[in-house]
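Enquirer: Sequence:
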Amino acid sequence: MSAKSKKELTLWVNRIKNEDMPSFGKSIQDIVKVTEGEVSSASDLAQVILHDVSMTSKVIKVANSIYFNPQNVHVSTVSRAVISVGFNTIRDISLAVALVETLVKGRNKKQLITELARCIHAATQAKSLAELSGDTSPEEVFIETLLNKIGELVFWSFSGAVGEQLLELMNAPGYTPESAQEELLGFRLDQLGRKLRSEWMITNPDKKVDTRMRAKAIELAYKVSDIAEKKGWRSSKMKDLIAEIGQSMSLSTDQVMEMLHTNAKIAAGLARNLGAGKSARIIPIPKDNMDWDDDEFEEDFEEELEEISLFPEPDGALQLKILRELSQQIEEKPDFNVIMELVLEGIYRGVGTDRALFALLTPDRKGIRAKTTLGYGNVDLGDKFQFYNDGKTKNIFFLILEREACYIVDAEKKPELAPFLPSDVTSVIGKAPFLAAPIVINGRAIGLFYADRAVSGRGIDNDTFENFSYIVKQANMGLTLAVTRKAH
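Under my numbering, think of the first position of the sequence shown as 24, with each following residue one higher.
Some hints here could point you the wrong way.
[Unchecked claim] Heads up, simulated DSBU-like pairs for lysine-lysine below, C-alpha to C-alpha not over 30 Å straight-line:
id, residue 1, residue 2
1, K133, K288
2, K407, K436
3, K356, K288
[Unchecked claim] Here are the simulated distance ranges between beta carbons:
id, residue 1, residue 2, range
4, L274, Y493, 46 to 56 Å
5, K40, K415, 31 to 41 Å
6, T33, Q278, 43 to 53 Å
7, K40, V402, 38 to 48 Å
8, D358, T33, 26 to 36 Å
9, S46, K260, 37 to 47 Å
10, E187, K40, 21 to 31 Å
11, V96, K415, 48 to 58 Å
12, G482, L207, 48 to 58 Å
13, V402, K356, 20 to 30 Å
14, N95, V185, 37 to 47 Å
15, T199, K254, 29 to 39 Å
16, V402, E336, 34 to 44 Å
17, N95, N465, 29 to 39 Å
These are computed hints drawn from the structure, not numbers from a lab. Cβ atoms here follow ideal geometry from the backbone N, Cα and C, with glycine treated the same way.
Work out the full structure, taking the sequences as your base and the hints as a guide.
Expert: Here it is, written out as structure tokens:
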């Protein structure tokens, strides 16, 4: 590559990172940081996902699909999904959701929709092919196949007028896609993809995996996607490809055909759950090919995006599901941290709060410190939420721990509580109303739950208080039961 081409490539990479996709880069960094740490925990990954309400919804949808959850163990919380579906699988689903969410906000509608359909279809096929070839981590292949074409996906999403020029040149006589890209841009889109993967630090495959076998699975998957789209499922080229796959996997042509057809249908469903509904409609489904016309692309692409609030809304049905998962977790494996995280997610997503945390008393019972936080500004709140009982200064949290009761704390409506809200408390949580309740095991308070709607400015009514109190009550009963069982 010439010096001029390298410079052009660098300019595009910097523009994409800093202007077009800064939020994706941040999401990727957060996920990679969690998963590549020396001690990667389900809790850390769940917190990254739960920070984004839209991502949370989509990750849970995809995690409940038969493709990623063949045992059909329904999950309602991210915490439970990481445990039941698997850490690596939820990590890869999160990467896919983050990528698609960012791409569908791009400007170059038609080509992106088409390219995304091809990639999701290929990714779905690749995972199955990897499983058949004995890949020890086939769950990684889905996202690896998507990322294989990240240069094309990102370019078509954000290229604007340059993208239109490239399309025209690619369709001109005497040009291949690669030669057109090099002439107009100075580099190929696969080179852009490699550079982006390196910049985002998403280029580290499992060293135990046979990379040649995995590369072959991805190559075959893209061939399936390409031929199905351009030639059709009944074409001679598809028959030849099916025969090739059957021979390499020791399967009959009927078995291969059934697998590929099933995967195409699954791919369309996954595309919808990932937030790429228009791409889902053009993934070629056998016997009922979802052909499209150009008018379809004239619709506003923003219809693709779900209207999801920045803050979780109260959801009674979700509260019940989370309580069931809580009971199940206590029955199966009464782990304190997992139970606390399930309860916290129930408060945050089920009750519908802006921020939620649980804090534990220090061993000498004179201090209290946040252990896990969710919601807007969770890192900052978690770092600052620590208080010490010097026996002189009044503090609302030590009052709640002493009385072992649930509270709505609203100094305007309950002025008698104002003396318990000194500046060292309000400087951390603000002056908005909040909910708090002690964590009590065998009649002894060990910490508390805190939640508020301070950021959105939404009120806290009696229904919200009752829902919060009920979840905490169930948590305390469950924890007491779990501790009692463990003692025996």
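Enquirer: Would you mind marking each hint as holding or not holding in the structure?
Expert: Hint-by-hint comparison with the structure:
Straight-line distance between C-alpha atoms of K133 and K288 comes to about 22 Å, which keeps the hinted pair within the 30 Å bound. For the suggested pair K407 and K436, the alpha carbons sit about 26 Å apart, so the restraint of at most 30 Å is met. For the proposed pair K356 and K288, the alpha carbon gap of about 36 Å is over 30 Å, so the pair is violated. Between L274 and Y493, the C-beta spacing of about 53 Å keeps the proposed range 46 to 56 Å intact.
Range check, K40 to K415: about 52 Å between beta-carbon atoms, so the 31 to 41 Å window is missed. Between T33 and Q278 the beta carbon distance is about 47 Å. The supplied range of 43 to 53 Å therefore holds. Distance hint for K40 and V402: a CB-CB separation of about 22 Å, inconsistent with the stated range 38 to 48 Å. Between D358 and T33, the C-beta spacing of about 48 Å breaks the proposed range 26 to 36 Å.
Our hint of 37 to 47 Å for S46 and K260 holds, since their Cβ atoms are close to 40 Å apart. Checked against the hint of 21 to 31 Å, the C-beta distance between E187 and K40 comes to roughly 23 Å, which is consistent with it. Our hint of 48 to 58 Å for V96 and K415 holds, since their Cβ atoms are close to 52 Å apart. At roughly 56 Å, the beta-carbon separation of G482 and L207 lies within the given 48 to 58 Å, and the hint holds.
About 28 Å separates the C-beta atoms of V402 and K356, a value consistent with the hinted range of 20 to 30 Å. Between N95 and V185, the C-beta spacing of about 46 Å keeps the proposed range 37 to 47 Å intact. Remark: the range hint 29 to 39 Å for T199 to K254 is contradicted by a beta-carbon distance near 18 Å. Separated by about 23 Å at the C-beta atoms, V402 and E336 break the suggested range of 34 to 44 Å.
Take N95 and N465: their Cβ atoms lie about 37 Å apart, and the range 29 to 39 Å holds.
Hint violations for this structure: numbers 3, 5, 7, 8, 15, 16, all remaining hints satisfied.
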